[in-house]
Amino acid sequence: MNKERKIKFNRVSMIAYFIKGSKRFFALGVILSLLAAFLDMISPKLVQYTVDEVLKEEQAAPAYVMEGMELLGGRLYLREHLYLIAILVILTALVAAVCRYLYRVVNSIGSERLIKTIRDKLFVHIEHLPSSWYQQNHTGDILQRCTSDVETVKMFVSEQMTALFRVGMLIALAMYFMLGINKKLALISAAFIPVVILYSLFFHNRISSSFKLADEEEGRLSAIAQENLTGVRVVRAFGRESFERERFEKQNEGYTKMWIRLMAWLSAFWCSNDLITGLQIMLILVTGAVFCVRGELTPGGYIAIVSYNGMLAWPVRELGRVISDMSKAGVAVDRIRYICNSLTEDEAEGSGDKEIKGGDIVFENVSFSYEDDREVLKDINLRIKEGSTLGIIGATGSGKSTFAALMNRIYELPENCGKISVGGIDIKEADRHSLRKHISMVLQEPYLFSRTLKENIAITKAEVKEKELERAVSAAQLKSTIEKFTDGYETFVGERGVTLSGGQKQRTAIAQVIMNDAPVMIFDDSLSAVDMETDAKIRKAIKEKTKGKTLILISHRIATVQDADEIIVMDKGRIAERGTHAELLEKHGIYREIYEIQQG
Amino acid sequence: MPSCLKSTAFTGRYMRYNRDKEETVSLPFFGVPKLIPYIRKYVPWIITMVILGMFASLIDSAVPLMQRFALDNFVGKKTLEGLKVFIIFYVLMIVVYMIVNFFTTYLCGKVEMSVDRDLRNAAFNHLQELSFSYFNQNNVGYIHARVMSDTGKIGVMMAWRLMDIVWHGSYVIFCLIMMFILNWKLALWVAVLVPLVTVLISVFQKKLVKLNRQIRELNSTITSDFNEGISGAKAIKTLAVEDRIYGDFREDTEQMRSRSIKATHYSSLFTSSVMMVSSIALGLVLWRGGIITLNGVIEIGTLSAFLTYSLHLMEPIQWIVMTISELISVQVNVERLTRLLETKTEVADTEEVIAKYGGTFDPKRENWEELEGDVEFEDVSFHYPDGEEYVLEHFNLKVPKGTNVAIVGETGAGKSTLVNLVCRFFEPTEGRVLIDGRDARERSILWLHSNIGYVLQTPHLFSGSIRENLKYGNPEATDEEIWDALKKVCADEIVKNMKQDLDTDVGEGGDSLSTGEKQLISFARALLADPAILVLDEATASIDTVTEKRLQDAIKTVTKGRTSFMIAHRLSTIVDADIILLVSDGKIKERGTHKELLEKKGAYYELYMSMKTGMEIG
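Taken in order, these protein sequences are the chains called L and C.
Note that the first sequence covers residues 1 to 600 in this note's numbering.
Note that the second sequence covers residues 601 to 1218 in this note's numbering.
Here chain C stands alone, though its shape is the one from the complex:
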């Protein structure tokens, strides 16, 4: 295929798959005003940094004057008188320059890192209090990028990019001022080129920004291609689609190749033309300056200073334009991060509650009441914040202390809604959830969570040892208590057989354990927390029959004497429950005990029969 045809054909896959295109946002003053609350602390540093930077660039721009002085006073007058003073002054200047420079760069780094750190802490801490709807709407990768990379980019912006503009900006201004002082007519010849170069740079820069964005996107496409090629190797082999996947990969690398060359084409056109303008300036000064030197208006030294200025004037302008375009692209990060920081928690404690029970990070445990375990839904209506449709309407349910509630229904029928309400991950749109006879909102979220045990279908363990993971439920637990809990869920044997029993590292996200092992560990973790209310999302995942038996026993042990809400998939769990709720299409269709529901011969009866017959001799 001819190469020109290739690139259009290849755009297809590349464009189609890039859903998460980088957006551009335009904010007043590059979004800095939005950041003021977070950088206020560092304003004195930033001001010092700016002043020092201006001073350094003043010294920088004075260097050609030294050359002029040497030329006019020593070379021109053919005398070495005053050379010592000149040298001393020069050395002093260099030393001062060095010191100023050191503090400027050091301060810059300090501002960058401090702003970075504060923003990251703010974002992370805010996330600890944000309600679940935020986590449902945004995936982990997206949120993670806000915490880790946006903050870094903003740090760089507030320090280095600001410094770039101050430094190069004042260099250009100082140079122009000095040239005008030396000879304003000659200076005008150079100054007219400044707007020209600015326009030229801006045109190229716009093109470049766009291309660079495409290259970044392609780069991440290639990385995920590789990721797929490695982690999906088994699937690729099994399907025998090596050629197809490789063909697509080559399309991506081909795209990358042609875009990158194009980007280089623009960027070198850009730098070459800036250098061209510098040379035009040099030529102009040589011509007009030569004439006035011949006429004796200026001396050779002044001419040489002019020549140096005109050569060095254009490059800083290039830097300024590049910095500005970078600032423009950082705005999207500012916008995303501040949007996160400004997101209000939908489930939050009132001020009175915080005053009495303490907030998330400063709990007043001494005021906490014991939680008994009575739960009541009182005329509860609810719809999810991102949906319109009510999933609960005027729902009433009394769950006395120690009752086991099983929630059954098809995959995706909305079984977690009740659980989310009990845990106060969400709050009822109307009506109340009562805990021990009082509205859940009268006590703090942390109080409730500290009293609830929670076992997930896909158990999440943190990287670290088994002990650390178990202690997550109860930091004060002793080894004895830990072993006791493990024994209760029949996991003690498994842990003992591991290389370093409790100190065994579970790997990232618990990956070095099997799903069944993770389940059991998370049961033990919930047990250690000794909660009055237990919430359990029963696993459907594949576990062999022996482990399955263990899990069933563990569930019975754990739920005994506690109020429990179970999203249940196993017949044994369902049949033994005190109350069964059948959920369909997000709504509660039937409720009652196993016996009652069977007699009703409704949806539950059908479900039960299909589960049952699935087991029978066919």
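Isolated chain L, as found in the complex:
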């Protein structure tokens, strides 16, 4: 299928890939925010000229200001009609507010597009990774990459990168205006900027490791509570409440102490930063006053410079934090990149395009071992005719389940390890998707999606026919269970709904497979959590409903496989015995032994 993408992403190309659809919004956003910042800068200027030229008569403003005043009707007219200036101030503010509003919305459109791109890409990629990948990587870890790391990257692009631009330009603009009013004061103000940035950068770098530690402590505390709650019966039954209490309170105390210490550091930082900012403001105020007295500065200019200086205080302080946070983004991108650079099933193992038809299954000299060299299957030769039933029995770890996983290419059979064909076609040449649709199976540990029961049972069907549903449900002996639920078929199961018992889950999965009605059906130990009586009923129903299908039953229980056309007994990866139930009993081998144990 799509074999073309073998190129791996690096940090830059990864970000470039993600922001492809959204970068124009970010660019527009930066322009709008600059416009807003510029207009904000105008307002102190207006106040300055009003104070200097209209209220007093300093005559120090540049020519264009004078011309502007003339245009509005001249000084005397403005004195009489001060509201004109008020309107001008408000109008400027209005335009600035509109720009700022647009900037935020445009930036949000960009960042939401970005995060959607990342999420969708990750999800679809994860769906198509080979199963070995899920074993090598922890669910919690992948989940974190898909949630908090994605948020971090979004913040980096939409907030931090734009903030860097914005604050940088804000400083430049403010400097420009301040320099125009009074050079010395502008330089005093500017001198503090690197100090504040470096100080907060230094601090945030120092503190981030403590934050991480505190987070870990919280994780530990949360895990203790979680285990206590899930194990509440064990705690009570052994009378270990005091032990649990001590353990929790100790961890809680440690966590609390850690945070209080961290709070002390944070307060110290905030306050020392306040001190720096406060001193800077004071310095400008005092020197500005001195310059005014000396006549180097007009009162209006003085007020304007104090305003500009105030405008810079917060953004500059934030800049240090932004820069220190940006280092985290690199790590987050790497963590996301790891997923996107993992090869999908088709890329790693190749895929054919043949459609599978028919239900004959042939194993020729199949051997298989996992990546840790543990050999699970050795020299398996097997022929299952369309419409017949095969039973597989054996101890845990004898390789029973591997049969199923190899057949639908959940595990890929390596080169030179034999051949499996379904309907006469080597499965290596088959399209994965169509192969899996062709072979329907109940997994050993069935997985239900957080949807309604009905949707779970009919997950493979685009449309649900009530009759089919009823048929599948009654065959799986699930009908009475469903009737007990208040919402019936619409009962929401899985993560946030009713939790089903092991047996109910298995029966739901069985209904799913019957509903699916594929030519090959595999039941991998799928009645283990059901009591004997129900087990028998289901087996009977399955037998009736699956006429003409190729059936593979994998189990520990003799009862489950005894009716099969052929039974194979697996032992340490090999087929130890094969035959019908009666034949095997006469052999007095492993099968007989298992049979006797189970008879009690």
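Since the hints were derived computationally from the structure, they do not count as laboratory data.
Do not rely on the hints blindly, as some may be mistaken.
Covered by chain C, according to a simulated footprint, are these stretches of chain L (three or more residues, beta-carbon under 8 Å) [said to hold, decoys possible]:
(1) 204–216
(2) 242–250
(3) 563–572
No farther apart than 20 Å at their CA atoms in a straight line, the calculated lysine to any residue pairs in the SDA-like style are these [unchecked claim]:
(4) 956(C) / 450(L)
(5) 677(C) / 287(L)
(6) 810(C) / 1037(C)
(7) 834(C) / 139(L)
(8) 1187(C) / 1001(C)
(9) 1001(C) / 1037(C)
(10) 454(L) / 842(C)
(11) 572(L) / 710(C)
(12) 385(L) / 395(L)
(13) 710(C) / 239(L)
(14) 250(L) / 728(C)
(15) 1149(C) / 395(L)
All values derive from a computational prediction rather than experimental measurement.
Note that beta-carbon positions come from the ideal geometry of N, C-alpha and C, so glycine has one too.
Assemble chain C onto chain L, guided by the hints.
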């Protein structure tokens, strides 16, 4: 599909699946009165914090006055006289501000964390004593959120949110007072804008709160989508439903996209309009203030102070409104947590019992009697607290010391009821359960539990080493005793083959062991506790025949000489029991020995035959 159509179509799945919608609750005074017992200790801290905060905001609001002073006294009079005093005073002010600020924030953090910690301890400890009906009615995730996140939110509320309101509130008040002192007529022009801005903010805030809630819900939907995509990957592949699942996921991310943009739209409208009002205030002051400055009523310095005040007045109001709406949303957490803390334990010891035998956390073991193991149900009737229907009616049963009782029946028939009563996880609605001839309620719960061994169908292990898990049954057990117990249940070989034998980590919930291994370990754990009464929920789960044989032997070893109650699924266990109880539809239908029941040819006979024939040559 056009994008406008998309969003309505997508609402379907999103709305349908969100069963656990966030509720809103409205409590008097934001629920603070309900928390008083837990925060009483910290009231002095909180008061100090509030006073310090007000002081800091007073200094904050005085800064424009410094500017006014500089303008009027130095710039206006063209003299530098008194500059030194001014600078000294200013620096002093900054330093005092810094110190006050430091203590305020530090105290705030301390109050937050202490309240948080105390509430968490209270909730956790209360949970240790709550009866099982609570755990049956609420799932673990829900309870966990009460302990871990509600407490945190309340901590933040009692410290930072309170501080926000005090700080910004007093800033607004101080600013207004100073403006009125400087010139009340000019101040009026600004003051009229305050109600306007408050109304404006409240309108937007309401919208925003709603949107933000939807975004939070969507966020958790997306997280669980991912979780499903990862942990359900094998199932998705096997079913070949990648496209369908991915399609649904994209609906969710699309929902998220459009809602988030909408939320930004409102929030920026909101902040922009607050800034607009600030600018209107500035314009008004420039106009009216300019006129009176020209007339010589006020000086330039006063005008400049006014300009600064009018610019900075509106933002704190925005903060206050935002804080209040946050307080409103925290009420639901207060309500949920206090509901947990107020939940009464349905099974509790009486005061006399506690006086003699001690409570859950302070047992008086010296007064504990030896437990022999005679159990008797005397005219017991019982229904579950969350149900009306009686599952036991006038039930009588004598179980002498050392008797093995097997409870059989279909899945979900109510086999655990008897076990729950023996363990005193629940108490009879009527009648008595006698332990060694005395009502179970005459001795403490902890006494009983310390003498009962309990093996669950789905064995629960704690994360930690195998040794730690085994010691859970008996903290004083030596390694020798541990190995002895393992040997008795035939698990010694298995443990020896592990990488670090007893020190092997079992993983979260014991996940790195197989189900069979977990079963055996939990048998050994029960054995170490050396209980007089053993309760056993036999596993139906899939275990291979060899392990199965081991388990059967282990069950025989463990139950020998002890009073035992077994929820049994295996023929061998059932047939060997001294008393068999057959449960159907929550009620005990038949009882007797295997032989008696077979002769009766009733439900037990049928069950036995169907289990038996399941094995026979078909």
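Each hint, compared with the structure:
Restraint check on the segment 204–216 of chain L versus chain C: 0 residues with Cβ-Cβ distances below 8 Å, three needed, restraint violated. Under the rule that three or more residues need a Cβ within less than 8 Å of chain C, the assignment of the segment 242–250 of chain L holds, with 6 such residues. Here the segment 563–572 of chain L counts 1 residues with a CB under 8 Å from a CB of chain C, which misses the bar of 3, and the coverage is violated. A threshold of 20 Å between alpha carbons decides the hint, and for residue 956(C) with residue 450(L) the separation of about 50 Å lies outside it, so the pair is violated.
Annotation: proposed proximity of residue 677(C) to residue 287(L) holds, straight-line Cα distance about 16 Å (limit 20 Å). Restraint check: the Cα-Cα separation between residue 810(C) and residue 1037(C) comes to about 60 Å, which exceeds 20 Å; the hinted pair is violated. A C-alpha spacing of about 13 Å is found between residue 834(C) and residue 139(L), which places the hinted pair at or below 20 Å, so the restraint holds. At most 20 Å may separate the alpha-carbon atoms for a hinted pair to count; residue 1187(C) and residue 1001(C) exceed this at roughly 24 Å.
The suggested pairing of residue 1001(C) with residue 1037(C) holds, with an alpha-carbon distance near 11 Å, which does not exceed 20 Å. Proposed proximity of residue 454(L) and residue 842(C) is supported: the alpha carbons are some 18 Å apart, at most 20 Å. Using a Cα cut-off of 20 Å, the hinted pair residue 572(L) and residue 710(C) is violated, with the two alpha carbons roughly 61 Å apart. Proximity of residue 385(L) to residue 395(L) is assessed by CA-CA distance (about 25 Å); at most 20 Å being required, the pair is judged violated.
Of the supplied pair hints, the one linking residue 710(C) and residue 239(L) is violated, its CA atoms being roughly 34 Å apart against a limit of 20 Å. With a CA separation close to 16 Å, the supplied pair residue 250(L) and residue 728(C) stays within the 20 Å bound. Between the alpha carbons of residue 1149(C) and residue 395(L) the distance comes to roughly 12 Å, so the proposed pair stays at or under 20 Å and holds.
Checked against the numbered hints given earlier, the structure breaks hints 1, 3, 4, 6, 8, 11, 12 and 13 and satisfies all the rest.
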